[in-house]
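If you're matching them up, the sequences are chains A and B in order. Position 141 (the first sequence) corresponds to 152 in the working numbering; numbering is contiguous. Position 153 (the second sequence) corresponds to 260 in the working numbering; numbering is contiguous.
FYI, nobody ran anything at the bench for these hints, they're computed from the structure. C-beta: ideal position from N, C-alpha, C; glycine also. It is possible that part of the hints are untrue.
To be verified - Some chain A residues close to chain B (C-beta under 8 Å, calculated; not the full set):
{"id": "1", "residue": "Y57"}
{"id": "2", "residue": "Q59"}
{"id": "3", "residue": "D66"}
{"id": "4", "residue": "W68"}
{"id": "5", "residue": "N72"}
{"id": "6", "residue": "W76"}
{"id": "7", "residue": "A93"}
{"id": "8", "residue": "R125"}
{"id": "9", "residue": "K175"}
{"id": "10", "residue": "G185"}
{"id": "11", "residue": "Y333"}
{"id": "12", "residue": "V367"}
{"id": "13", "residue": "A371"}
{"id": "14", "residue": "D388"}
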Amino acid sequence: MNTHGNPIDNDTEAVVIIGSGAGGGTVAYELTRRGIPCVVLEAGPYLQRADYENDEWAAFNQMAWLDKRTTSGSWRVAQNFANLPAWIVKAVGGSTTHWSGATPRFHDYEFRTRTYYGDIDGANLLDWPISLADLAAYYDAAEKAIGSTHRHGRPPLPANNNYKVFANGAERVGYKYYATGPYGTNAEPYDGRPASIQDGFNFQGDKSGAKWSTAIREIPRALESGKCDLRTECQAVQITHDASGRADGVVYLDAEGSLHRQAARVVCLAGNSIETPRLLLMSASGLHPDGLANSSGQVGRNYMRHTTASVYARFDQPVRMYRGETMAGIIADEARLDTARGFAGGYYMETLSLGVPFLAAFVEPGSWGRDFTELMDAYANTAGMWIVGEDMPQESNRVTLNTGVLDQWGLPVPDVHFDDHPNDVAMREHGYQRADLLYEAVGAIGTHHTPPYPSTHNLGTARMSARAEDGVVGAYGEAHDVAGLFVSDGSVMTTGAAANPTLTIVALAIRQAEHIADRLGRGEL
Amino acid sequence: MSAASALRPDLKPVLVQLLRAAYPHPTFPDGPYERTADKVLTELDADLWHRVVLERGLATLDREALADPHAAAAEEYLRGIAQAEFFRFVRGVAVTTLYDDHEVWDLLGYEGASFDQGGYLHRGFDDLDWLPDPRVAEYDGEPLQLVADHDELPTG
Ligand SMILES: Cc1cc2nc3c(=O)[nH]c(=O)nc-3n(C[C@H](O)[C@H](O)[C@H](O)COP(=O)(O)OP(=O)(O)OC[C@H]3O[C@@H](n4cnc5c(N)ncnc54)[C@H](O)[C@@H]3O)c2cc1C
Chain A
12 MNTHGNPIDN
22 DTEAVVIIGS
32 GAGGGTVAYE
42 LTRRGIPCVV
52 LEAGPYLQRA
62 DYENDEWAAF
72 NQMAWLDKRT
82 TSGSWRVAQN
92 FANLPAWIVK
102 AVGGSTTHWS
112 GATPRFHDYE
122 FRTRTYYGDI
132 DGANLLDWPI
142 SLADLAAYYD
152 AAEKAIGSTH
162 RHGRPPLPAN
172 NNYKVFANGA
182 ERVGYKYYAT
192 GPYGTNAEPY
202 DGRPASIQDG
212 FNFQGDKSGA
222 KWSTAIREIP
232 RALESGKCDL
242 RTECQAVQIT
252 HDASGRADGV
262 VYLDAEGSLH
272 RQAARVVCLA
282 GNSIETPRLL
292 LMSASGLHPD
302 GLANSSGQVG
312 RNYMRHTTAS
322 VYARFDQPVR
332 MYRGETMAGI
342 IADEARLDTA
352 RGFAGGYYME
362 TLSLGVPFLA
372 AFVEPGSWGR
382 DFTELMDAYA
392 NTAGMWIVGE
402 DMPQESNRVT
412 LNTGVLDQWG
422 LPVPDVHFDD
432 HPNDVAMREH
442 GYQRADLLYE
452 AVGAIGTHHT
462 PPYPSTHNLG
472 TARMSARAED
482 GVVGAYGEAH
492 DVAGLFVSDG
502 SVMTTGAAAN
512 PTLTIVALAI
522 RQAEHIADRL
532 GRGEL
Chain B
108 MSAASALRPD
118 LKPVLVQLLR
128 AAYPHPTFPD
138 GPYERTADKV
148 LTELDADLWH
158 RVVLERGLAT
168 LDREALADPH
178 AAAAEEYLRG
188 IAQAEFFRFV
198 RGVAVTTLYD
208 DHEVWDLLGY
218 EGASFDQGGY
228 LHRGFDDLDW
238 LPDPRVAEYD
248 GEPLQLVADH
258 DELPTG
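Sequences and hints are given; from them, build the entire structure.
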C-alpha cells in the first residue's frame, strides 16, 4: 500500500475521507489543521509537479479516470465517447489537477430555483436548504484558499491572445461584465505559489505550481500537520454501518486488489458525482436495501453536467490561442435570470483553448473530410470559448449500477444516463448565437459550433434538501438516513447554477468541516 | 516497423492513401500519414476482429477513386463507406495519432510543450496586435441586474 503522512491504525475510528479532490482535499486540510486525525483514501496515485506533462494525450492518459463506465440516453457524448461520460481525474488532487480555474460565485436566485423558475415541466427543481448569505463567509474563505484573481486584493491576470479577441468582441456587442477572472491561478506570487508563466498547460496539471489545486495546497498541508494518513491507489468499495445505522467503516481495495477495512467515526464521501452515488449504491445493506442513504430514491438521480458548448472562430490573422492561460477570460452578462430569452437560468462565456491533439478529437467528434481538415488548417488563426450554464435537474438523468458490465476489480460499472432538457437546448442555442455575434464583431470569417465534451462538471447525484423525502443529504451534507455519513463533493448540489462549480464545492467543504469539528468537539458525533 | 505491417507490408500504401483522402491537408507531406498508418497497423496486433475487417476492407478499396485525395470524388467515395467497421476503426486511431504528430503540430502552427522554455510569458502570450488591448479588470459601473423585472418574485 502507498501511504503518506502519519499512519493511523485500521481499528482506530478516524474521520475517513474518500477522495482527495476539491471536496475531499479541502475537508482533509480543514479537519487536520484543527487537530482531527483523518484517513484519506484516494483511488489514484500521488502525482507531483515534476510528473505532470506538457502534452495533452500523455497527461490525459496519466491522470484521467479511465476505468470502464457506460453511457445511455440521447446526449451526443453517448454516441462519440460511449465509455467516457466524464472527464475527471484519478489522482491526488482529483479533478483540481485538470481544472482550469474559473471561480465565479453562485447568485442568490440560484439557490431558490423552484421559487424563481416555478414548475418547469420535466425538471425536478428544488430550493436549496441554504442561501447565498449562509455561504458568503465561506466563499470568502474559498477565494482566499484558491487565490482567485480580482478578489481580496489579488490582481487580475494580463490579457492573453485568446482573451484579446474575446474581450474586444464582448465590448463591441455591448457586453460589460467581462474580465480575465476571477480565476484560480496567480497573477503574482501568493501563498507560496509563483505567478503564472502562461505556459498554456494548466489542464495538464500545471508544472509551475501557479494554479491552485488540492494536490498543491490542501493535501501537502494536511500531511504536514501530522494528523493525516493518505493512502493512494486505494479505492473505497463499500461504506458500512453499525446495528444502530451509524456509519462505522469503509472497505477498500489496495493497489494489489486486497480488501481492507478502516474503522470510522465519521465518513466524508467525495468521489465526484459519478463515483459517489456508485459507492452509495454498492453499499446497500439489510437496513438500506436500495443503496445506502437512499430512502428518498434520489441517490444517483438529478445528475447535472451544466449546459455546455464551445465555439471556435477563424480569423484571417494569427491568434495563437494556446499561448497563455487556458480559461482566463469570463463574460458574465448572460449569467442572469431573464426568461424573455426563452429559457430559465443563465450562462457564462469563458475563453477556452485546446491544443491540436484535443481540438482534433473534440471540435466535431467523429468528423473527417475537408470540412474537418479546414478547421484544423485554421488552427493558428482560431479563437475559442466555452459556454457554461445552468442545466435542469431531471430525475431520469441518472447514475446507476450496470451489473452487466464489470470493472477491472469485478465491480459493477456506473452507467451515466443523460438527456438534454428543452431548457438546456434553448440555452445552448442562445449561447451559440451570441458567441457568433461576438466573434463576427471582431471579424471572424467563420465559426464552428462544437457540441459538449465529456462532462467536466458532474453534480447533483446526492442532493441537499430540507426534507428527507426530497433528497439525500441535509444542509451540512450529512445523509438524512445515516448519522456520521457526509457527502463532501459536488454531488450535494440541489441545482447547478450557471457558475463553474469548484469554488462552491470548496466553500461548502470548508463549512462542512467546521460543522464536523464543532460536533466532534462537543462529543456529538 | 511493427510486426503487423511486416506481416502485410502490402497494406501500408493503400492505408496511407485512405488516410490522405480522409484527412486531406494540402500542406502535409507523406511522413505524418505514414506514421499514422504504422500506428493503425500496430494496433492490429492485439485485435483480431479489426485485423480481419481491415485486411478485407483495404484489399477491396477503390484505389482509383482515391487517386487524388483532394478531389471531391474521393470524399464522395469515402462517404459511401463511412459506416464500414474498418473505416471507423481507422478514423478512431487516426484522429488521435495524426494530430499528435509533432510534424503536424509544426505545420498547423502549434508549438507544444512550453514549460521548459519558461512558458509564453516572454514569448508572445499577448503578441496579438490587430486588436486594441482590452480591459482586464471587472466592470466598475452599475452591477449586473441579476433578475429581470418580469422574473422578480412578487413582493409582499
Ligand atoms: C478539464 C477540466 C477543467 C475544469 N475547469 C474548471 C474551472 O475552470 N472551474 C471550476 O469551477 N471547475 C472546473 N472543473 C471542474 C472541477 O475540476 C470539479 O468540479 C472538481 O474538481 C470536483 O470536485 P470533487 O471533489 O467533486 O471531485 P474530484 O476533484 O474529481 O475528486 C474526486 C477524487 O475522488 C477519487 N475517488 C473517486 N472514487 C473513489 C473511491 N471509490 N475511493 C477512493 N477515491 C475515489 C478520485 O480519484 C478523485 O481524486 C474542470 C474540470 C476539468 C476536468
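Here's how the hints hold up against the structure:
Taking 8 Å as the C-beta cut-off, the interface hint given for Y57 of chain A is violated, the closest approach to chain B being about 20 Å. Nearest Cβ of chain B to the Cβ of Q59 of chain A: about 14 Å, over the 8 Å cut. The hint is violated. A hinted interface residue such as D66 of chain A counts as satisfied when its beta carbon comes closer than 8 Å to some beta carbon of chain B; here the least separation is about 6 Å, so the hint holds. Interface restraint check: W68 of chain A against chain B, minimum CB-CB distance 6 Å, threshold 8 Å, status holds.
Evaluation of the N72 of chain A hint against chain B yields a violated restraint, the C-beta minimum of about 10 Å exceeding 8 Å. Because the closest C-beta pair between W76 of chain A and chain B is about 18 Å apart, greater than 8 Å, the hint is violated. Restraint check, A93 of chain A versus chain B: the minimum CB separation of about 12 Å is more than 8 Å; hint violated. Because the closest C-beta pair between R125 of chain A and chain B is about 12 Å apart, greater than 8 Å, the hint is violated.
About 5 Å separates the beta-carbon of K175 of chain A from the nearest beta-carbon of chain B, less than 8 Å, and the hint is met. A distance limit of 8 Å between C-beta atoms decides the matter here; for G185 of chain A the minimum to chain B is near 12 Å, and the interface restraint is violated. Restraint check, Y333 of chain A versus chain B: the minimum CB separation of about 6 Å is within 8 Å; hint holds. Against a cut-off of 8 Å between C-beta atoms, the interface hint on V367 of chain A holds, since the closest Cβ of chain B lies about 4 Å away.
Evaluation of the A371 of chain A hint against chain B yields a held restraint, the C-beta minimum of about 4 Å falling below 8 Å. The beta carbon of D388 of chain A comes within 6 Å of a beta carbon in chain B, closer than 8 Å, and the hint placing it at the interface holds.
Comparing the model with each numbered hint stated earlier shows that hints 1, 2, 5, 6, 7, 8 and 10 do not hold.
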